[in-house]
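Trainee: Here is what each chain is made of, one letter per residue.
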Amino acid sequence: MNLDSKIPSGPLAEKWTNYKASQKLVNPANKRKLDIIVVGTGLAGASAAASFGAMGFNVDIFCIQDSPRRAHSIAAQGGINAAKNYQNDGDSVERLFRDTIKGGDYRAREANVYRLAEVSGAIIDQCVAQGVPFARDYGGLLDNRSFGGAQVSRTFYAKGQTGQQLLLGAYGALSREIARGTVKLHTRSEMMDLVVVDGRARGIIVRNLVTGDLERYAAHAVVLATGGYGNLYYLSTNAMNSNGSAAWICHRRGAAFANPCYVQIHPTCIPVHGDYQSKLTLMSESLRNDGRIWVPKKKEDAEAIRAGKLKPTEIPEENRDYYLERRYPAFGNLVPRDVASRAAKERCDAGYGVGTGYAVYLDFADAIQRLGKDVVEQKYGNLFQMYQKITDENPYETPMMIYPAIHYTMGGLWVDYELQTTIPGLFAAGEANFSDHGANRLGASALMQGLADGYFVLPYTMQNYLADQINVGKISSTLPEFDEAENNVKQRLERLLSTSNLSPLTSRQKSVDHFHKALGKIMWEYCGMARNTESLTKAKQLVKELEDEFWKSVFIPGSANEFNPELEKACRLEDYFELAQLVIDDAMHREESCGGHFRTEHQTEDGETLRDDEHFMYVAAWEYHGHGQPETMEKEPLVYEHIKIANRNYK
Amino acid sequence: MNFTLHIWRQECANAKGHFETYKIENISPDCSFLEMLDILNEQLITGSTPHSPLLTPHSPISHPVCFDNDCREGICGMCGLYINGRPHGNDDGITTCQLHMRKFKDGDDIWIEPWRAKAFPVIRDLVVDRSAFDKIIQAGGYISTTTGGVPDANTIPVPKHAADEAMDAASCIGCGACVAACKNASAMLFVGAKVCHLALLPQGQVEAADRAKKMVAKMDELGFGSCTNTYACEAECPKLIKRQNISMLNRQWISALLGRDKK
Chain A
1 MNLDSKIPSG PLAEKWTNYK ASQKLVNPAN KRKLDIIVVG TGLAGASAAA
51 SFGAMGFNVD IFCIQDSPRR AHSIAAQGGI NAAKNYQNDG DSVERLFRDT
101 IKGGDYRARE ANVYRLAEVS GAIIDQCVAQ GVPFARDYGG LLDNRSFGGA
151 QVSRTFYAKG QTGQQLLLGA YGALSREIAR GTVKLHTRSE MMDLVVVDGR
201 ARGIIVRNLV TGDLERYAAH AVVLATGGYG NLYYLSTNAM NSNGSAAWIC
251 HRRGAAFANP CYVQIHPTCI PVHGDYQSKL TLMSESLRND GRIWVPKKKE
301 DAEAIRAGKL KPTEIPEENR DYYLERRYPA FGNLVPRDVA SRAAKERCDA
351 GYGVGTGYAV YLDFADAIQR LGKDVVEQKY GNLFQMYQKI TDENPYETPM
401 MIYPAIHYTM GGLWVDYELQ TTIPGLFAAG EANFSDHGAN RLGASALMQG
451 LADGYFVLPY TMQNYLADQI NVGKISSTLP EFDEAENNVK QRLERLLSTS
501 NLSPLTSRQK SVDHFHKALG KIMWEYCGMA RNTESLTKAK QLVKELEDEF
551 WKSVFIPGSA NEFNPELEKA CRLEDYFELA QLVIDDAMHR EESCGGHFRT
601 EHQTEDGETL RDDEHFMYVA AWEYHGHGQP ETMEKEPLVY EHIKIANRNY
651 K
Chain B
1001 MNFTLHIWRQ ECANAKGHFE TYKIENISPD CSFLEMLDIL NEQLITGSTP
1051 HSPLLTPHSP ISHPVCFDND CREGICGMCG LYINGRPHGN DDGITTCQLH
1101 MRKFKDGDDI WIEPWRAKAF PVIRDLVVDR SAFDKIIQAG GYISTTTGGV
1151 PDANTIPVPK HAADEAMDAA SCIGCGACVA ACKNASAMLF VGAKVCHLAL
1201 LPQGQVEAAD RAKKMVAKMD ELGFGSCTNT YACEAECPKL IKRQNISMLN
1251 RQWISALLGR DKK
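Those sequence lines, one after another, are chains A and B. Heads up: the first sequence runs through residues 1 to 651, numbered per my numbering. Heads up: the second sequence runs through residues 1001 to 1263, numbered per my numbering.
Some hints could be false.
Simulated crosslink set (EDC-like; lysine to aspartate or glutamate; CA at most 20 Å straight-line) [stated by the list, open to error]:
#, chain 1, residue 1, chain 2, residue 2
1, A, K184, B, E1042
2, A, K569, A, D513
3, B, K1016, A, E318
4, B, K1105, A, D392
5, A, K544, A, E631
6, A, K517, B, D1030
7, A, K569, B, E1042
8, A, K552, B, E1042
9, A, K298, A, E318
10, A, K510, B, E1042
11, B, K1023, B, D1108
12, B, K1160, A, D392
13, A, K373, B, D1164
Residues of chain A clear of chain B, computed beta-carbon distances all greater than 10 Å [said to hold, decoys possible]:
#, residue
14, A50
15, D66
16, V128
17, K159
18, A239
19, R306
20, D349
No lab work stands behind these hints, which were simulated from the structure alone. A virtual CB, placed ideally from N, CA and C, is assigned to each residue, including glycine.
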């Protein structure tokens, strides 16, 4: 594998400017001759496709939902970071860069992160021009709030629906290009294979989810913007249809997969309550601006609460343990997500949990007293309503109960500075790539990265790639590589459906969801918030056994030639079995704790992460060698020229 | 809790649909409506439905019930079922995925149908094709910007009340409940919400008249009906979008027709 990160020369602050000044461009007449495929219509995909279309390229864009506006970016609640320094509180590009590198526990690439901070301001300008109704103050100017891992207020927001509004902005820009004819939209279409011709990504095979037909699309370049693989854990804050398959398919075709073990566990989600549960709902990090997190100080109080004999409001102030404020006085309730999650787990494991025992309180009583109910409602009304609908409890009167849940995956397809994977012509953007968040992502940075990639990075780097493609001519979808890929998909679907040909149905048969839930439980239990050699060894064995059982007893109804959600789920689960093995292997090999990756063997006396910079300051990029074969790993060393490496300290 | 479900089954767009009855037992009141359907589907797949001895694994009615869903937290707009005669069921300000079984009584009969509208043809069972909404947006539901070349975000102050009202209108999730609730299957609330969101902001006023005209024309072309002025749409909107958006749409549209713009 070629892991050349292609970081431009020069001082950090000038790298992106230098890159843009010296990159190759494609003239307007030639842009019309070039085709680009974009898979995914979330923030990264929609913004990239809209930008490419406006530049004059021919774009085909695909999503699995019925409309591009459904992509899971829509569910992001809290906000988007940008180094505008509108609050005059000491923010700057340099500060956002440093916070992001530090938040990622010094496991992200300096040059990428600096560029992200550098373009962050332009994102806000772009969104406002599109009509994104960000919150404003009485003077009509933009308002900000604070998020975890920062001591400034740099987060722009639109109520608790920021992701929705940003996505609708990008969707509007995309819709305009569709109307102008530069972008063709394909909904209810799932990418099933990547077509590589002479070492370059040249197209995709797509399954029309309504008819089941397999379709071929050819292009000069392919952009993957299909999000993360959090649903590997079954219960997560991700949407039901979010999946890791498109990225995994590219990995099978030769794209390196980087840092798969870096999975973010979000501290503030509604706790698990039953086996039938299909997802965990996030309560925005913005709530930690005003909410205070606590558990009872006395174990007997916690027990009484769990037994329903005591109400949280009956516990006096002195008997409450505001453990984040106690352990991290400098950042308090606004420590980064991995730190807050582990602290909640620590208290619950020690027997101080409430609810089922795996929950802590997020209390707004102080905020309501300080600001008044109206102000709290204005700021967080929709989140409170959402909480009440799910739990049947009124968070204005009793504290919310929360617990950490799988939320985001920092790992993803390895990309260089140009966001190009190890397959030339295949680019990855947004959560699908690994590039900017190191071992832990800060709140409100996912939206920033998705839009940075789509609006302000890919439109440049894509030209640099396509500049020497202007004489290639139209790529034909009748090439033998397309035949091979389509046959590959056909066989795969037949193989899956053939497991269900037993008739009559025997009691041994189980649904796809049954196996997905079982896989999720294994991963959460043994490769979740805390990992060690023993648990990972066990996870590996259990996943293997589960996969064997899947092939023996899964039942997938219907055929490949119809609308068949069970078949879609089966394909995705088949990929998760392989991906799970890689996540475990990566977690096993990384003998240190950093960010979201916590190895219990490697912690300080106070239970904080203990990095090993001497041996693990690198990106682990894995190469696929066939089903059941161990993957091999290559290292991309992380070189910090600009920032001073330090221990992460939020105390 | 136990329920009797009457679910609309339809194999594909051209097939004739019908109601099928299923019994379901031991459902937790904390279970969401879609999780209850997950449980039903699990039973259909594994052949363990308690009161459906007629079902055999490969018969079409034992194919799991198809329904659209995605985020399951009320924001993506993907889910949408017509439950006991109400879009998104018997609660206010929620989507189907936010409806919980505690809202029903033990032993209830529950009738589950897809959105019924000419412009939303059925794909399978409870899944409908809402691409008409995308087409309406493509007709002009945006501000014409291209990437880059825009002014600093704070150069255009927006009065707080305008920003707040625009936000309320912009919170539409495009689920289609307004159309399903309307006797005429009108999309006025959906169109009104987008037109108002953009017309309330200074950035969006440049194209406002043209936008209203084009979006309304597209809505008519795609087979949505006229406004009944009964405001069933407002009553059923999961995001509580107000009918004032329709009044403002009418104002925008009329002033566009009266030639305030040059086209």
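Trainee: Does each hint fit the structure? Answer for all of them.
Mentor: Do the hints match the structure? See the list:
1. A hinted pair counts as satisfied when its Cα atoms are at most 20 Å apart, and K184(A) with E1042(B) does not qualify at roughly 37 Å.
2. At most 20 Å may separate the alpha-carbon atoms for a hinted pair to count; K569(A) and D513(A) meet this at roughly 8 Å.
3. Between K1016(B) and E318(A) the CA atoms are separated by roughly 67 Å; this puts the pair beyond 20 Å, and the hint is violated.
4. Taken as a hint, the K1105(B) and D392(A) pair is honoured in the structure, with Cα atoms around 16 Å apart against an allowance of 20 Å.
5. Taken as a hint, the K544(A) and E631(A) pair is honoured in the structure, with Cα atoms around 15 Å apart against an allowance of 20 Å.
6. With a CA separation close to 19 Å, the supplied pair K517(A) and D1030(B) stays within the 20 Å bound.
7. At most 20 Å may separate the alpha-carbon atoms for a hinted pair to count; K569(A) and E1042(B) meet this at roughly 13 Å.
8. Our distance criterion of 20 Å between C-alpha atoms is met by K552(A) and E1042(B), whose separation comes to about 18 Å.
9. About 10 Å separates the Cα atoms of K298(A) and E318(A), which keeps this hinted pair within 20 Å; it holds.
10. Simply put, K510(A) and E1042(B) have alpha-carbon atoms about 8 Å apart, close enough for the 20 Å limit, and the pair holds.
11. Of the supplied pair hints, the one linking K1023(B) and D1108(B) holds, its CA atoms being roughly 10 Å apart against a limit of 20 Å.
12. A threshold of 20 Å between alpha carbons decides the hint, and for K1160(B) with D392(A) the separation of about 33 Å lies outside it, so the pair is violated.
13. A distance of roughly 18 Å separates the Cα atoms of K373(A) and D1164(B); the hinted pair therefore holds under the 20 Å criterion.
14. Consistency note on A50(A): stated as away from chain B, yet its beta-carbon is not over 10 Å from all of that chain's, at 7 Å minimum.
15. Chain B draws D66(A) into its interface by the beta-carbon criterion, the shortest separation being 6 Å against a cut-off of 10 Å.
16. Residue-level check failed: V128(A) sits 4 Å from the nearest beta carbon of chain B, not beyond 10 Å.
17. At roughly 6 Å from the closest C-beta of chain B, the C-beta of K159(A) falls inside 10 Å, breaking its exclusion from the interface.
18. Against the 10 Å criterion, A239(A) falls within the reach of chain B, whose nearest CB is about 4 Å from its own CB.
19. No Cβ of chain B comes within 10 Å of the Cβ of R306(A); the nearest lies about 17 Å off, and the non-interface call holds.
20. The beta carbon of D349(A) is kept farther than 10 Å from every beta carbon of chain B, the shortest such distance being approximately 25 Å.
Violated hints for the displayed structure, listed by number in ascending order: 1, 3, 12, 14, 15, 16, 17 and 18.
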